[in-house]
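*Asks:* The residues making up each chain are set out below.
Protein chains: 2
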Amino acid sequence: MRASDRVDEGRLWQRHVDMAKLGGLPKGGVNRQALSPEDAAARRQLGAWAAARGFDVYGDPIGNLYVRRAGIQEDAPPVLTGSHMDSQPTGGKYDGMYGVLAGFEALEALEDSGIRTKRPIAVVAWVNEEGSRFQPGAMGSAVWGGDYPLDSMLAVTDRSGKRLGDALAETLAAAPCRVVSGFDRRFHAYIEAHIEQGPRLEAEGCAIGVVTGIQGSQRYTVDISGEEAHAGTTPLRVRKDALRSAISVVEALQRHMHDPEDVVRFTVGRFECRPGSPNTVPGHVHFTIDFRHPDAGVLARLGGGIERVVAASAGPCTATVARITDVAPTVFDPRIVGLVRAKAEALGLANMDMPSGAGHDAMHVAPHGPAGMIFVPCERGISHNEAEAARPGDLAAGARVLADCLTELANE
Amino acid sequence: MRASDRVDEGRLWQRHVDMAKLGGLPKGGVNRQALSPEDAAARRQLGAWAAARGFDVYGDPIGNLYVRRAGIQEDAPPVLTGSHMDSQPTGGKYDGMYGVLAGFEALEALEDSGIRTKRPIAVVAWVNEEGSRFQPGAMGSAVWGGDYPLDSMLAVTDRSGKRLGDALAETLAAAPCRVVSGFDRRFHAYIEAHIEQGPRLEAEGCAIGVVTGIQGSQRYTVDISGEEAHAGTTPLRVRKDALRSAISVVEALQRHMHDPEDVVRFTVGRFECRPGSPNTVPGHVHFTIDFRHPDAGVLARLGGGIERVVAASAGPCTATVARITDVAPTVFDPRIVGLVRAKAEALGLANMDMPSGAGHDAMHVAPHGPAGMIFVPCERGISHNEAEAARPGDLAAGARVLADCLTELANE
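Protein chains in written order, with my numbering: chain W, 971 to 1382; chain E, 971 to 1382.
Treat the hints loosely; a few may be bogus.
Listed below are the simulated EDC-like cross-link pairs for lysine to aspartate or glutamate, each with C-alpha atoms no more than 20 Å apart in a straight line [as the list claims (entries may be wrong)]:
1. K1088/E - D1136/E
2. K1088/E - D1154/E
3. K997/E - E1349/E
4. K997/E - E1197/W
5. K997/W - E1197/E
6. K1088/W - D1026/W
Hints are computed from structural coordinates only; laboratory data are not their basis.
Since this is a predicted model, take the numbers as computed values, not measurements.
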C-alpha cells in the first residue's frame, strides 16, 4: 500500500471549506492577513486537527508553526513540507492553505495506511508569506533561512503602527503552542505543494506541474512629493501636482519595462494619493513596484534602471525610490524535481515541467537543502482574488504525489 | 465716524489665532471638517463671542449658523455677510474662517462706534463648504438657496457611513443653539470676504480684490473596474489592470483639458486604488475630477466630452462616470461690485477687479439677491494647504471695506 492510496479527497476538501470560514468574505474569498485574529483562528484549527491525530505541534521565534509526525529515527533530519495560511486582503481559499492542508493530508494518509517512516515528517505553516500587512512577504521562511534578521522583522510595523512582535504575541495568546528557541535548519528535503496561480496547467490539461524553479523578484517603493494647492485658483503651470507627476512616472516605468515577449512581470499594486480631497491638488503619492523575471541578468538590468527612469519623469515634483527586496531566481534540486515527476507518472497523472511565476517560501528553503514544488491547476489562473477556485480532484491528485514523495524521502 | 475706524486689527488677528487651535495640526494648519467635533468647537466659540456682545445666535435646518445684530427696523430684510468655518483635512487657518471673523469684526466695529443701522446685519457661517467629508461642498448655502433638497443632504454619508443628519445632531448637542424652521431667503444684500486663494493680488501689490464673479465648476467621479490577479504569474497581455487603465484615462483627460492659455482648472484630487496590495494587480480605481472655467460655453463643451474620453481610453477595463455637481459661472451684482470698489478707494486701499477662481457660498446666494465678494491677499496664493498664510494688516483692510459696505447697505 502507498500513502497516496489513503489520501481522502473528501476530507481534504472539507478541511479547505472549514479553513475558508476563518476570515471568510461575502464574495467567497478570505481576508486572513498575517497574525490577525483570523490567522490565529487558522492556527488554532490546525493545532486541534494535529492534536486529534497525536502529532506534535510547536512554533519558532518568528511564528512559523510546525506539525510533526514522528519517525523511527527521531534524531534524523526530518523531511519538510508545507506552505502558508495567511492571505491577501481579498485573497482566495487555496493560495498557501493548500500546501499546508496537502501536507497534513499526507501525514494523515501515512497514519491511515500504517506506514512508519525512518525520518520524521513536519508540515510547516510559514508565517506572513503574503506581505500584505507586514512587509516584506515570505518573512517566516526568510527569517528561518537566515535571510532577514529576526529582531528587525519583529520590529516591522503595519499601517496602523502595530509591531509584528506585538501581533505575534497576541496571536500566540489566542492560539497557544509550545515555542522552541532558535531555528533548526537541518532537513533532509523540502517539498511545497501550491496552486499554480497561473493559467498554464489548465490550458495544457495537466493535473500536476513539476516545478523546476522560481523567477526572481524585486520590490520597490516610490514616493513623489509636490505641493498641495487649491484646485480652483492655482494655474496648472505653477502646480507641483504629485498625482500628475506620479502618473508620468508610472507611464515611463511601463515603457521601461515593456517586453514584447510578455515575460516581464511589472505591477504597481499599491498607489496612495494624499490628502485625497477632490478640490485639493495632491501633494504626495506613494506607490509600490513589484518586478519579476526568471533571468538574473534581466532583473539586474531593468531593476537597475528604475531609479533613473523615476528621476527623469517626475516633472516639478521630487521623487525617492527605495528597494525593499531583491530575490534572485531559484533553481530547484534536480533530484527532487525528478522525484515529483516520477511519482506523478507512477500515479498516471498528466504532468509538465514549469517554472513558478510567483514567489514561494520554497525559495528561502532551497539554499539550505534539496527542495522542490508541486503545482496543481486553479481556474483560469486567477489568484490573489476572491474568485480563486480549484477542483477537489486536482487538490487530491497533488496531495497523492506529495504523500508518495514524502514517504520515499522519509525512508532514505 | 465710519465703522471701519473701529475695526481692530489685533482683535481680528487674535480671533484667527484662537480659532486655529480648534482642529490645529502640527504643521500649522487645521483639520476642522464639517460637523466634526472640531467644527462644533468653532461653533461654540463663535456663539460665546456673539453672546458676549449681545448678538442673537441661531441655526437653520441644514446647520448654517447665524449671528445677528439687530436693526432699527427689525422686520426689514437683513444685510448678510459671512463664509464658512469648516476646513480641508489639511487646510489653512484663513480659508472660510476669515469671512466669518471679518463679518463678526464688522458687527463689533459697529457696536464700538455706536452706529445703529436701519436693517439688521447677520453673519452666516455656512455649513460644509469644503465638501471634504460630506459631498457635495457649498452644501449649507446650496440648501439655503433651494439648489439641493434638505432631506437628501441630511441622508448623505461620509466614508465611515455616518449620515450628515446624525453628525449635525451630534454637533448641535456639543454646540447647542436655537434652530429655526425653514430657510429665510429674504435679504437686502450679501457680501462675502475671503482670502484670494490665488497669487494675483500679491503679485499686483493690491490689498483688495473687487470680485466680479465666480468661475463655473463641475465635479465628476470615475470608477474603473478590472480584475484582481497575481502580480507574479499573470501575463500583462491578459491582465485587466484597473490602475493601468486609470492612468491612461487620466492622461487622456489631461490632453482633452489641455489649455495653452492656462485658464482651464482640471484636477484629479482623490485617487483610490484597491485592494492596495503590492503583489496584486489592482481590480478597482475610483477618482474624482474637479473642472472649472469662467466661460459657460467652455464648461459645457469640455465637460460634455469627459464621458467619451473616459470610455475611449479605459482599455480592457470598464469605466463609469457620474457628474456630481455642475455649477454655472456667477456674475455678481454690478451695484455691489461698485460699492466694494468705492469703499476700498475711500479707504485709500490699492484694489483690482478680478474673477474668483475658487467656488464660494456666494454663488448659491447670488441668484436670490444682490451679492458680491471682497478678496484679500494670501501668501503665494497657497490654500487648501497647511502652509496657507495671510498678514494681519491685509485681513484688517478687508474687514474695513466690509464694515463700510455693510453699514451703507444696512442703512438703505
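*Asks:* None of the hints should be skipped; say for each whether it holds.
*Replies:* We went through each hint and held it up to the structure:
no., hint, verdict
1, K1088/E - D1136/E, "39 Å, violated"
2, K1088/E - D1154/E, "19 Å, holds"
3, K997/E - E1349/E, "16 Å, holds"
4, K997/E - E1197/W, "14 Å, holds"
5, K997/W - E1197/E, "14 Å, holds"
6, K1088/W - D1026/W, "17 Å, holds"
When held up to the earlier numbered hints, the structure conflicts with hint 1 and nothing else.
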